[in-house]
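Visitor: Full structure from sequences and hints, please.
Residue 148 in this note's numbering sits at position 148 of the sequence shown, and the numbers go up by one each step.
Be careful, since some hints might not be right.
As the list claims (entries may be wrong) - Simulated pairs of lysine-lysine, DSS-like, Cα-Cα distance not exceeding 25 Å:
#  : residue 1 : residue 2
1  : Lys233    : Lys287
2  : Lys233    : Lys222
3  : Lys392    : Lys381
4  : Lys233    : Lys283
5  : Lys136    : Lys53
6  : Lys287    : Lys381
7  : Lys87     : Lys53
8  : Lys45     : Lys287
9  : Lys283    : Lys232
10 : Lys392    : Lys287
11 : Lys232    : Lys179
12 : Lys136    : Lys187
13 : Lys179    : Lys228
14 : Lys187    : Lys222
15 : Lys137    : Lys179
16 : Lys222    : Lys179
17 : Lys45     : Lys375
18 : Lys392    : Lys378
19 : Lys179    : Lys136
Rather than coming from a laboratory, the hints here were simulated on the basis of the structure.
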Amino acid sequence: MKDIKKESFQYGMRSLNSRSSGCMRPKLFHDNVSSTRLFVSRLNKFTELEFHKGCVNSLNFNQSGELIVSGSDDLQIAIWDWTRYCKTPFLTYNSGHTRNVFQAKFMPNSNNATIASCAQDGQIRIGWILSEVDTKKIAQHKGASHKLTVEDGSPHILKTVGEDAVVYHIDLRESQPHKLMTLNTQKNCKVPLFSISSNPMNSCEFCVAGRDPWARIYDTRKIDESGKEVLKKFCPTELQAYSGFAANITCSMYNYNGSELLCSYNDDDIYLFHTTDSESEPKHTYKGHRNSDTVKGVNFLGSRSEYIVSGSDCGYIYIWQKDTEEIVNFLHGDNVGVVNVLEPHPNECILATAGLDHEVKIWMPTGEGFNDLEKLNKQVKVNLEARLNDRKRAPDLFESQLIFLMVRHHQRQRRRRLSQNEDGLEENIDDSSDDDDDNDDDDDDNLSMDDNDSLNDTGARCVQS
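Guide: Given below as C-alpha cells:
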C-alpha cells in the first residue's frame, strides 16, 4: 500500500499554499482537501441512530446534508436531525405501504416537506410534512418497486421502476402518472427492473437496470413504449454470453457530472463505464466484496466521485479509489451480516450506511486510518470462495425458470386479492397506472427468461423478510 499520509499531506499542503496565496477558491479548497485519500481512509463509525424495528433499506440526505430520511421493513419513515447529535428521529410517520419500504427520498427544493417512497408492494407514495403528515398513493407497479429517482432542482418530477418492467414519469402537479415504457428485450421478453438513476447534468437522460446484464440509457425525448430505442447500453463482454450463472444488475449510479456509470452485478464485480464512449466495455473493475443475498446498492464517494463504495454480504463496507481500483478502507458495517445501502453526504467526507441491522450508522474521518491488510485479504479470499461455490451449486436454467414462474404466479394472485380491498379513493390511480392490466397479466409469463436472467430474487430486500 502507498504511504497514504505522506501522499495526502503533500497534496493538502499544495492546496493550502494555493488557498493562502488566493489562487484557489474556498469551495475548491474544501473539496480538494475533504476528498483526499487520508480523509477517506480514516472514515470511522461516529454514531448510530436507533428507531426502526426492521432492516433499514433506504437512506437519503437532504440538499444541505443536515437531515437524513430512512425507510425500513417496519413500514415507517423517519427523519433525523443527526447534526445535533440526536440519536432519535425528530419526526416519524407510517409510510402507508403494506410491505417493506425500499426507498424514501426528499424532493429537491421542497423545504424538506415532501418525501417520495417506493416499496415491495409496488406502491409509489408521497408524504407531505406540514402541520401533520399526509400520505397519498400516486402510482402502482405490478411488482416490487426498488428504486425511484428525482430530478435535480425540481420539487415536482420523479421517475420509478418496478419488477413489472415499467418506468413511470410522475409530475406531482398532474393527477395521473405517465407510463414512459415497458422494457422489452429483442425477444419481446420483459426485463424486471431494480434500479434507475438520473443524469445530474441532463434531466432528459436516465439509466435503468435489472434482471439482465445490460445497463440501458434512455432519453425521454426519444423514448418508445417498448423500451427498445436505447440511447446507449453497457455490459462487460464476459457477461453478455451465458457463463454458467445468471448475471443481473442490482444497482447502477451516475457520477457527479454524468460522465461515468457504475454498475454492481449479483455474484460478480462492480464495473465502471464511461457514458461518452460508444463501446460498452468497462474502464475499471472493483473486486473483493460479495453481492449475492440481497438487492445491494453501490455509490460514488467524494466531491468529484473519486471513490467507489459498496456494502457486502460479509457485513463489511468496501471503499475503492476509482482510478487505481485499490481498496483504501474496509469497515465493519453490519452485525447481522449484510450492508445494503450507502449514502454519501452531499458536501462532506461523511457516509451513512444501513443493512440488516435496525440502526442507521454515520461514518466520519475520525479514525486512525485503514492498515489491516491481513484481515482484508482474508475476507476477500473468503468472499471469492463463496462466490465460486455458489456458482457450482446454482440450479440449472430450466429448474430456475420453473421456480421463477411459480413465484410470479403467486405474486399475481396476491395482487388480485389485495386489489379487491383497495379504497375507492385510490381507484383512479390504479386504473391509470395499469392502463393495460389485462394484457400485462397475460404477459407476466414473458418476463425475461433468457440465459442472462437472474432468478434468485423475488423482491425482498432483506433476506430475513
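Visitor: To test your reading of the hints: which numbers does this structure violate?
Guide: As far as the earlier hints go, only 12 is violated by this structure.
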